[in-house]
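> Each chain is listed here by its residues.
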Amino acid sequence: MQDQLTALLAKAAAELPALKTRPEFEAAKARYVGPHGELTALMKQMGALSKEQKPAAGKLINETKTQLATQLDAALARIADAELAAQLGPALDPTLPSPDAGPGTRHPLTLVREEMCRILRKVGFTVADGPEVETEFYCFDALSTPADHPARDEKDTFYFPASARFGNVAQKVPGEKYLLRTHTSSVQIRTMLKGEPPIRIVSPGRVYRRDTSDATHSANFHQLECLYVDKGVTVRDLKALLDHIFVSLLGQDTKTRFRPHYFGYTEPSFEVDLGAAHLPKVKKPWIEIGGCGMVDPTVFEAVGYDPEVWTGYAFGMGLERLAMLLYGIDDIRYFYQNDLRFLKQFA
Amino acid sequence: MKISLNWLKDYVKLDASIEEIARAVTFLGFEVEGVLNTGAPKLDHVVVGEILTRTKIPNLKKEISLCTVDVGPAGGVKTIVCGAHNCDPGRRVPVALPGAVLPGDFKITASKKYGHESQGMLCGPDEIGLPEGDGLLILNGLPALGTPINEVLPPGDTVFDIEITPNRPDCQSHLGIARELAAWFKLPLIYPQEKFRGDLAGAPDRADLLHAVRVDAPEDCQLYSAHIITGVKIGPSPDWMQRRLAAVGLRPVNNVVDVGNYVMLETGQPLHAFDARKLGGGQIVVRRAADGEKLTTLDGKERALTSRMLVIADAQRPVVIAGIMGGEASGVAADTADLVLECAIFNKQSVRRTSRQLGLASDSSYRYERGVDAHSALEAAWRAVDLILETAGGQVAGPVFKIGGEAPWQREIVVTRDYITEKLGFDIPAAAMRAAFESLELNVTREEPTEKRGPAWTVAIPSWRDDLDRPVDLVEEVLRLYGTEKIPAATVRAPGLVGDDAPAALFNRRVTDYLVGHDFHECVSYTLRPAKEVAAWIAPSPTDALALANPFVDEQSHLRASLVPGLLESLRINQSRGVAVSRLCETGRVFVDREGQVYECASVAFVIARSVGERAWLKREPADFYTAKHHVLALASSAGVDLSRSPIAAAPACDWQAGHSAALHDHGHAWAARFGLLNLAAVQALGVAGQVYAGEFAILPEKLPAAAARRRFSDFSLFPAALRDLALVVSETVPAAEVQRQLTQAARAAAGSAFAVESVGVFDVYRGQGLPEGKKSLAFALVFRSAARTLTDDEVNAALAKIQAAITAEGAITIRT
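Heads up: the protein sequence lines correspond to chains A and B, in order. Heads up: the first sequence is residues 1 to 347, going by my numbering. Heads up: the second sequence is residues 1 to 817, going by my numbering.
Since the hints were made in silico from the structure, they are not lab data. Treat the hints with caution; some may be incorrect.
Think about it this way: if two alpha-carbon atoms lie no more than 27 angstroms apart in a straight line, the pair counts; the simulated DSS-like pairs of lysine-lysine are [as the list claims (entries may be wrong)]:
hint	chain 1	residue 1	chain 2	residue 2
1	A	284	B	2
2	A	155	B	294
3	B	42	A	284
4	B	112	B	62
5	B	348	A	231
6	A	155	B	703
7	B	42	B	9
8	A	231	B	486
9	A	283	B	2
10	B	486	B	186
11	A	194	A	231
12	B	62	B	113
13	A	172	B	703
14	A	155	B	348
15	B	186	B	9
16	B	486	A	283
17	B	9	B	195
18	A	172	A	155
Next up, chain B with everything else stripped away, as it sits in the complex (with noise of 0.2 angstroms):
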């Protein structure tokens, strides 16, 4: 809300700077967002000049003038060198004379310019601070010479642009405002006095203009007041008026409108002012609006009505939407001659609805919206009253009219000295405490001695006060006008750690460093995603489940189901501006659809692009399906799974390469985890170049295990091992991890308790010549080894005969010879 520091001052006596004022009202707890000067600033050795000459510099580019300038008192004629247009002989114009210093910290010093000795400045509007204009700034009205500037210039207004918190409503005013900064200053406040406090003794009955107020909908206008003035004369507000609220964004419309603005923006009470003869049947009707009825308002738009939204109406029809905007019809135009004058209380929600609904809102709806003391509202009409027949004449006339607000006010909240020190943690004096509260208008009507807790306080709340409701609130007030910067250094006491981190945060952790180590850059992507990406890499068409139900922006309409598509983005990000980039990580939260319920799963995800083309002094193996592979086990073994044990399936070919690619979960859809090529065809359609291979483990986090379990050590064997290698022929389609198990089978059959079999690894895959078509050999290193001796060749070679007869018995593995 914007304040003008002239118009606080007739409700507090300010001297303080405008920095101070700007600095206590932030510690009130307002924030100022801006504070703007209008007028001049104070000017020393600016003063008032007439130009006696005027001679033109021959021989310049631009028309340079040289004038001579009498300055009266303040040092007589002077010459100086003007480059405005308009210094012509006989204007009285501001004149800088050396020493002045201007608004941008400019010198001005006597000096040579363009040869000629100038001996000071000829003064345009913006150089003296104030809105530009076209060259120097003409002073008319004839002031006297040497006159200083700041005696002949409009007062100038410092306006504060300021940031209302939405618990202090009563602070939408500039009384309200001006009652924190007395508080703060501990001055007095200086309330306006109406003249007219609603006494119509020998008012004419005007009830042929309005005879009847009736509210239809008491749970949206808890107060409905109505004020009937008659004979005004509408016109221009008066200039102190227009300057007032010109300074804080208002356009001055008429004296009556003026006055509605200027007493909302003085006491936070909006107004409306009808034309008495438009309204309809002599009667006003508070009422819900039926479904279709139409208003056209203020601002020349027609607005549906609905029954939800509050209206003021007369006999016929609506005439304004309540507490928002006023109908165009109804208002004052520049014949009116009679006035009903509104002033009301009506329900926060219904505006807030209606504003919001309508899309139309206004400096009465944000008011009503955040609340309007219903207890100081009559003032505040009162006010209305008194300034309409100072700038617009006519006089009050009956019946008045009061629908509502008869709950009185009251409030008390009781506190001690030693329940404020408690939650502060350091001591006020006591004095100091009473005399916050008392500065704020919040009354002590009691003062007891407690045993042990010092005084204790009842305090009166007033009705603006609403936010005051129990002693902790309290707490703050005092604290507000104490000072939050003098709140004592401590140290922080910190007894111990209460648990460990969050299972989800220890994961991230250990899955980050991994992939950094491995040389991965971490990034972090939007969790919103379009749909058709989620169509293009989740599933055929955008599962619903994943919809928000009020997106802001198209691409951003659905949760991400897994966090490779936005590392794709950042693989396309970093191609498109020309930066070579290979491998990215991500962690974050995915949301997995599964038969319409979604799971919210802890993600690790990383892309690895290997570009066509690439060049390097010095070649690498590049990345494959393998390391993708090894990564995602490393990743899934942080959290405490291991995918070895789980049988592998393919990935989903919408986004992963079919044949390329794999995919594995648990039984109880606790995890799951894909790694491979990424779909070629989509990756391509992405605008990635090369081909991407890509991990991703995904888990609930609340199967993240809080702690690994402690591993016991296991004793092994210091006798050497025994090494056989056994090549089995088998069909293509047979996988490496069957024939393995089944190796392993055999091996730990013919080893019996004899021995252990180490271990049983693939180390060459060979198809091609020498085997027949559609079959491949896979060469196995077996270990054997004993606890408790050296194996001997016989026993080692006995066993491995049994295995192969084991193995090739069932005729779908033949050995390689």
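Next up, chain A with everything else stripped away, as it sits in the complex (with noise of 0.2 angstroms):
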């Protein structure tokens, strides 16, 4: 008997390493230790031995037992891996690029956007909307903006025809001429009428000169303007903000400066430098940036603030500028030409 054992398992080990798949691996296994199998037989002929021969021949068949099972596991295991090696195909090369397009990206006014909007929220300010279509009341004379200022010309600002109708930008004013708003400051007028004291927003958006385009003009460009209404408000405050949003945006040690200036809807008015130590391609030591002032109380009259009661200041920049002193850019116009290659640098 040991003899057979022996030689089953001699039989075992040189099939089962060869078998591929599942059925055959099914259908050794049963020969092997199947109900009909050939363990089962010699198994059965334990009955025919004596009493002695019993014990040694019982350890006999359960360590050949042990072994056959450990030799159908070995090969099962073989036979699943092959299958799961199968699913894969071949090792690929990761050197290979991804066919797949991207990643997208943000444009560069829109980062610049962001970044701004991000470091006014931190000080209170919410980013309020206006339309780009106004009336002149909105846009020059609810900001002091006398009625025979070059300003309004029809040289510098886009007009629509009288006969223009617009559903949703509604006139002030009977009969007022609409417009492509000059600046922000419009959306400054429909917030403080529209709500109360306290107000602290950012407006950024896009404005219209009408001028002639070249490496820094364009016909179509984006401010960003912050408002804040309150009581008490001081020129100290507003230089205060200034260095918040410059030292936020470029490192602790960035400067900034005030120097008087004349804006019709601020008194006083600044126009405001930055320290270009941390610019690229700047070589003066400083760089207009914006224009601010204290909101001028004809201001606040014409929304129907008490300009006794309420104080305020007003900051307002070009994002383009700011966008092209912080990445270096120097033509505005390819901001509006989207070569991808400009795209992909400022994501």
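Each chain sits in its own coordinate frame; assemble them with the hints.
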């Protein structure tokens, strides 16, 4: 019997590793350990053995059974591995590029706008919105721009014909002309008319000037303005805001300075210079970045706020100009050509 | 405006450096756009020398000379190598000796040149900071050898190009800027002292030259004065005056014209001189022109006048366009002997309007448009009389005319120290505030203590400071002179958020995030588009409702009605530059014309170009109509709009490809969506290669939800689903959505309240073999589920049988077996 068992094991050792599929395996398994298998047949011979022979034979059979089970398990594991390997196909070359397009990119103007909005949000400014088609009241009258001011001239501002009708931009003054806003300050007026102070808004948006297009001028461009209206707002608060903005944008040692200037809707008014130490391509120590000032009492009067009670400041700047300074871009037209070699540089 | 430093020094004894002066001007509130030095800078070790000998150095390609030069007490005779053509013996020239530093940081040392020791350099004008000349600068008049060169050259000047803000017309003059600088540097301001001050005692009466001045349009001419000067001799103005005029960019003409310009640049008051004999009828009439009148101005152009334009006329015809430019015929000429000097104040708007209409501007009109101080006008006239008498001779004659200008100037503002401090947010000493006023000639006529608010000052505002009208205007004056650079740092006071970002901003952010996350590149395009693009893409004929009244260029004449054309333009630009491009997107405002009413909408759009012959080592499924649909649905949901609830219609055929595109809009036209394949021919006509799929969504910004409504959890079943497939044969023309709707309805009816129809979804569309012509098969997967138990096959099969019976009842739909 020992010889038969040894022969059985040897046969299994020869046959099982060659099995390729699960059906082959199941058939082989039946041949060895199934009810009609060879091991089962040998076990049946046990009955014919003497009482003295039985323990040794039983032990032998058990050992053989264990060894066969190990061989079968190994064969099955090998088949399972082969099956998984068959799902994979050959190893691939990880150095080949993905054929998928992307990643997508945000436009540099969006990047700069969103960064500014985040910086301003930290000090309580929320984004306000208004239409690009405006009326003379919101764009000029309410901002103390006299009727004969050159900025209102047809030479500098895009107007619509008197017959133009805008369904969702209401005229404040009957019959007043529609135009394309020349600054986002019109959003300040709309926001103040709609709500009550205190007000703390940032209004980024597209504005229009009737001007020759060149490396620094574009028929439409983008501005970002801040307006804060509250009690007891001071020039010093305005300076603190500008410092906050540019320190957040460019680092702790960033400097800003005010130069007195003139705007019709602020008094006093300033131009803001930015210390250019961190800016690429700027050779001057200071570069003009925007305009600001304390809201002129006449503007408060135009929106029905009591100028004896309310004070405020406003700050505005061009987003293209800021982006050009931050990134070192020297032609405004790049923003509007959308050459992918340009767009992919900033994301 | 150009301001000469030498000229300024007549009125304020500035000894600060150029840099300090430029800084002062800047922080007084005027941008310095440029600083130009005329004349040589201060140069050490550059002296007068005389060339003694000149020897040509042999065997050189260029002509180079070896010279001996005598610089007298500055070092005797030197040997110097020189490449100039005019280094001839006997000439006196500037000699830069070792140790000299020439402009451009050019250091002169003794060195070997062309094999010879050179002990300095002979200089051309450009090498010592003068305008370029031909060869060496030859010094005429035998200046003494060894004299420092600056003592020999005419004095240089520094010209500041200063931008004057529109609120400060008083600074359109040297005196105005001098007044500001005097305040800044705390120096006295020295006014020109007129000798003639209107006194005609003993002057001859020359009413024969001018006997009447009449102002017919007083609303356009607040003041008109005329002085007569007889017996002048026209000739060039003196050197000092010519030099100053030239320094600030004016061409000297003759003594009388130059005086007019000089006084204008000094005081800001424009002046005009007539040849008295050319004034027809011996009279001046300030009137509106008659329509059709003509005048040939000094620049030789004939100008057609209208009744809205103010002119100065003689008895017969206009001789000057008031405040803008004189006529050729009445001007001062070489033979002019008797003058009428006009000094007037014209209405700003009138001058601006006329200047615009004629396309004619001048130094005079520039000043009138911004405002000229009527109360200083006569001083300017007297000053001009002085200078004419000084430079052209002659004498003042009577009568003198002055029409208007009677209203005296008086303005006072009362302001307290605390008011200023409250506006500034930091302290400036009261004495410094008061000193700031007085340094600007804002005289404090009264100082009174107040109970709690510090001293109250009554400040007299001079006539030239019409911009100062309210206490707040004085805050700026104090701060300017205190120095805006000294505003102390502070932290931002930020008492909490007052609201959320505007819905339009949130929408833009969401859709941009979505599209960029799906590999789109965000673009920015122009809002203003050419008429032909609007015609090609929006409507068959350009819609007038989108047209500007005054476009600047033809290519930018209309508002955009869609973002898609801009994206196509970007596709084209990239393709034409050989840049591989496919997915672009944009957000922005579009303008939608509905029956003559234009609505400004927030919009988002994308394009996906499927380029022909695109190569990739691994093929991907290309984007198609359903890709575009998928993205538009997602974008609309960012605006709180569920497109799947709206009926789909065909998109307009001029820009979208018929049969391969779709459009949706809501009943109230609050929003609209389009997607699919762009019109192949139109895309090709634009020069864009390949097929372009696109999608756009536009919504009235006021319809964007402020915040998405809070969703409520709805429970779902944990029991297993029962799945059944059903293939339905329908006519080709029946949309799948319609079949799905009917099937869903039938399934719900069949399931009743026993269990739920969880979903009915298309998983296969088939046409061809086995189906009749004109039919298609739509295979649906139906999912049933109960919230309370596992469904049995029997009940589901019974429901399916009912569904089949119901759906085929009308005969349009059959079951595919």
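> Holds or violated: residue 112 of chain B and residue 62 of chain B, Cα atoms, limit 27 angstroms.
holds, 17 angstroms
> When you check the alpha-carbon spacing of residue 155 of chain A and residue 348 of chain B, does it fall within 27 angstroms?
holds, 18 angstroms
> For residue 284 of chain A and residue 2 of chain B, compute the direct alpha-carbon distance and say whether it is at most 27 angstroms.
holds, 22 angstroms
> Between residue 155 of chain A and residue 294 of chain B, does the CA-CA distance stay at or below 27 angstroms?
holds, 25 angstroms
> Residue 283 of chain A and residue 2 of chain B were given as a pair; does the straight-line alpha-carbon distance stay at or below 27 angstroms?
Answer holds: residue 283 of chain A to residue 2 of chain B is near 24 angstroms, not above 27 angstroms.
> Hinted pair, alpha-carbon criterion (27 angstroms max): residue 194 of chain A, residue 231 of chain A. Please report holds or violated.
Roughly 19 angstroms between the alpha carbons, so the hint for residue 194 of chain A and residue 231 of chain A holds.
> Does residue 703 of chain B lie within 27 angstroms of residue 155 of chain A when you go C-alpha to C-alpha?
Not satisfied, since the Cα-Cα distance of roughly 35 angstroms exceeds 27 angstroms.
> Take a quick look at whether residue 348 of chain B and residue 231 of chain A sit within 27 angstroms of each other, Cα to Cα.
Violated, at roughly 38 angstroms.
> Holds or violated: are the alpha carbons of residue 486 of chain B and residue 283 of chain A at most 27 angstroms from each other?
It holds: about 24 angstroms lies between the C-alpha atoms, which stays within 27 angstroms.
> Has the given pair, residue 486 of chain B with residue 186 of chain B, been kept, meaning a C-alpha gap of at most 27 angstroms?
Holds. Residue 486 of chain B to residue 186 of chain B sits at ~18 angstroms (cutoff 27 angstroms).
> Is the Cα-Cα distance between residue 42 of chain B and residue 284 of chain A 27 angstroms or less?
With a Cα-Cα distance of about 25 angstroms, the restraint between residue 42 of chain B and residue 284 of chain A holds, given a limit of 27 angstroms.
> Given the proposed pairing of residue 62 of chain B with residue 113 of chain B, does the C-alpha separation stay at or below 27 angstroms?
holds, 13 angstroms
In terms of the numbered hints stated before, the structure departs from hints 5 and 6, listed from lowest to highest.
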